[in-house]
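Participant: These are the residues of each chain, in order.
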Amino acid sequence: MFLDPANFRHPAFRAGMADAFKVAPGIWAWGLMTGVSMVQAGLGPAMSSWMTLLVYGGSAQLAVTPLLAAGTPVWVVLATAFCVNLRFAVFSLHLRGYMMAWPRWQRLAIGYLIADLNYVQFVQYHPHPASDAAGQRAEMAYLSGNCFLTWLGWQVASVLGIVLASQIPLSWGLGFAGVLALVGILCSLASSRMRTVSLVVSGAAAVAAYALPLRLNILVAIAAAVAMCLMIEKTTGMNKVST
Amino acid sequence: MIDVVQLLTLLGLAAMTVLTRCFFFILNRELPFPAWAQRGLQYAPIAALAAVVVPEVLVTQGQLISSWLDARLLAAAAGVAYYAYRHGQGQAVLGTIVVGMAVYLPLHIGLGW
Numbered sequence: 001m002f003l004d005p006a007n008f009r010h011p012a013f014r015a016g017m018a019d020a021f022k023v024a025p026g027i028w029a030w031g032l033m034t035g036v037s038m039v040q041a042g043l044g045p046a047m048s049s050w051m052t053l054l055v056y057g058g059s060a061q062l063a064v065t066p067l068l069a070a071g072t073p074v075w076v077v078l079a080t081a082f083c084v085n086l087r088f089a090v091f092s093l094h095l096r097g098y099m100m101a102w103p104r105w106q107r108l109a110i111g112y113l114i115a116d117l118n119y120v121q122f123v124q125y126h127p128h129p130a131s132d133a134a135g136q137r138a139e140m141a142y143l144s145g146n147c148f149l150t151w152l153g154w155q156v157a158s159v160l161g162i163v164l165a166s167q168i169p170l171s172w173g174l175g176f177a178g179v180l181a182l183v184g185i186l187c188s189l190a191s192s193r194m195r196t197v198s199l200v201v202s203g204a205a206a207v208a209a210y211a212l213p214l215r216l217n218i219l220v221a222i223a224a225a226v227a228m229c230l231m232i233e234k235t236t237g238m239n240k241v242s243t
Numbered sequence: 244m245i246d247v248v249q250l251l252t253l254l255g256l257a258a259m260t261v262l263t264r265c266f267f268f269i270l271n272r273e274l275p276f277p278a279w280a281q282r283g284l285q286y287a288p289i290a291a292l293a294a295v296v297v298p299e300v301l302v303t304q305g306q307l308i309s310s311w312l313d314a315r316l317l318a319a320a321a322g323v324a325y326y327a328y329r330h331g332q333g334q335a336v337l338g339t340i341v342v343g344m345a346v347y348l349p350l351h352i353g354l355g356w
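Here the protein sequences line up with chains A and B, keeping their order. Going left to right, the first sequence walks through residues 1 to 243 as this note's numbering numbers them. Going left to right, the second sequence walks through residues 244 to 356 as this note's numbering numbers them.
Simulated from the structure, these hints should not be mistaken for laboratory data. We put the beta carbon where it would ideally sit given N, CA and C, even for glycine. Treat the hints with caution; some may be incorrect.
List of simulated lysine to any residue pairs, SDA-like, C-alpha gap at most 20 Å [said to hold, decoys possible]: (1) A:K22 <-> A:G153; (2) A:K22 <-> B:L270; (3) A:K22 <-> B:Q285; (4) A:K234 <-> B:R282; (5) A:K22 <-> B:Y328; (6) A:K22 <-> B:L337; (7) A:K22 <-> B:A345; (8) A:K22 <-> B:R329; (9) A:K234 <-> B:W279; (10) A:K234 <-> B:Q285; (11) A:K22 <-> B:V323; (12) A:K234 <-> B:A280; (13) A:K22 <-> B:A335.
Here are a few chain A residues that face chain B, going by a calculated C-beta distance under 10 Å [claimed, not checked]: (14) F8; (15) P11; (16) L230.
Whole structure, please, built from the sequences with the hints as guidance.
Facilitator: Following this line, the structure appears as structure tokens:
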């Protein structure tokens with residue numbers, strides 16, 4: 001975590017912050033508009049501030065904001081947040097190889113802070129988990145710096161949005177910058193033809209199943225895309241054997 | 244101020260953040276993982292992100308957008324085009340955001356798309 005001197009005094013901490021800075025404007029605009037939209041949806045400044053500080057997840061916050069404002073049962077709110085956050089569980093499986101070198105409380109502390117952009121930048125900067133202690137420290141320092149800058153920028157922008165809620169019309173649509181940041185991240189993940197297939201299948205399935213409750217369309221889309229890619233792999237592999 | 248129920252709801256939501264972001268590295272023991280799931284893993288992260296992002300661009304009011312003249316669609320297309328033009332080099336993601344917003348804001352605020 002970024003509170004540990006062994007991380008924030010490490011040179012990789014700055015490298016992590018520098019990378020996070022490259023995509024920071026999208027995070028700031030997204031945080032600002034998340035703050036604005038929570039207040040304008042009627043959650044009130046106190047609830048909105050606590051939500052930003054505790055929940056720390058833009059897409060989940062935006063998804064549950066109308067539910068909270070409408071007094072939806074708590075289990076529906078939690079299940080919706082879980083489905084919207086499902087992508088993080090997928091990322092966490094990939095991150096397991098890096099994380100198991102650390103004690104559990106450190107894994108949970110840093111894991112809480114790993115948002116989309118942090119995950120992608122981290123695995124691009126460190127494509128393979130280090131096997132020695134120095135390499136693992138460098139990984140943790142990079143991740144701490146990367147997550148710290150994102151977290152700080154998000155919180156400041158969100159609180160600013162909450163304070164300025166009456167001055168910034170939602171209709172300007174500044175929050176779309178956050179979607180564009182994720183579009184850029186999607187482009188950087190689409191590094192092979194099969195991954196592009198996965199993107200297209202998942203996107204199409206998520207739109208087609210949009211009417212499902214609890215944002216279950218996200219679960220359906222992931223399952224459809226992975227199943228389709230494995231089937232294509234198998235068919236093309238079998239073709240190779242038969243010809 | 245917020246009441247106890249609201250606070251507990253927010254703590255529950257925070258727990259969802261921790262649970263999902265740490266999902267597969269909470270437990271210490273090795274997880275049994277079949278070979279097909281291992282192979283599926285290389286396609287899962289992009290699918291998981293696409294499932295959230297694509298509807299943000301293509302769905303409005305719960306419906307698929309019905310016109311090509313949509314500020315979000317054109318802005319996202321411009322962002323992707325910029326990314327492809329830069330081959331993902333340098334500040335490509337930042338460029339995607341800037342180019343996308345440069346297309347989005349005039350269309351959205353100016354023309355009301």
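Participant: Next, verify each hint and record whether it holds.
Facilitator: Outcome of the hint check:
1. Proposed proximity of A:K22 and A:G153 is supported: the alpha carbons are some 12 Å apart, at most 20 Å.
2. Taken as a hint, the A:K22 and B:L270 pair is broken in the structure, with Cα atoms around 34 Å apart against an allowance of 20 Å.
3. Note on A:K22 and B:Q285: the hinted pairing is violated, with a Cα-Cα distance of about 26 Å set against a maximum of 20 Å.
4. Taking the CA atoms of A:K234 and B:R282, the gap is near 11 Å; set against the 20 Å cutoff, the hint holds.
5. Under the criterion of a C-alpha separation no larger than 20 Å, the hint pairing A:K22 with B:Y328 is consistent with the structure, at around 18 Å.
6. The hinted pair formed by A:K22 and B:L337 meets the criterion: a straight-line CA distance of about 6 Å does not exceed 20 Å.
7. For a cut-off of 20 Å, the pair hint linking A:K22 to B:A345 stands: about 18 Å separates their Cα positions.
8. Only pairs whose Cα atoms come within 20 Å are accepted, and A:K22 paired with B:R329 is accepted, the gap being roughly 15 Å.
9. With a C-alpha separation of about 10 Å, the suggested pair A:K234 and B:W279 falls inside the 20 Å cut-off, and the hint holds.
10. The suggested pairing of A:K234 with B:Q285 holds, with an alpha-carbon distance near 15 Å, which does not exceed 20 Å.
11. Distance check on the hinted pair: A:K22 and B:V323 sit about 17 Å apart at the alpha-carbon level, within 20 Å; holds.
12. Proximity of A:K234 to B:A280 is assessed by CA-CA distance (about 13 Å); at most 20 Å being required, the pair is judged to hold.
13. Taking the CA atoms of A:K22 and B:A335, the gap is near 9 Å; set against the 20 Å cutoff, the hint holds.
14. For A:F8, the interface hint is violated, since its Cβ never comes within 10 Å of a Cβ in chain B; the closest pair sits about 21 Å apart.
15. Of the supplied interface hints, the one on A:P11 is violated, with its beta-carbon coming no nearer than about 22 Å to a beta-carbon of chain B, more than 10 Å.
16. Below 10 Å, beta-carbon pairs count as interface contacts, and A:L230 has one with chain B at about 6 Å; its hint therefore holds.
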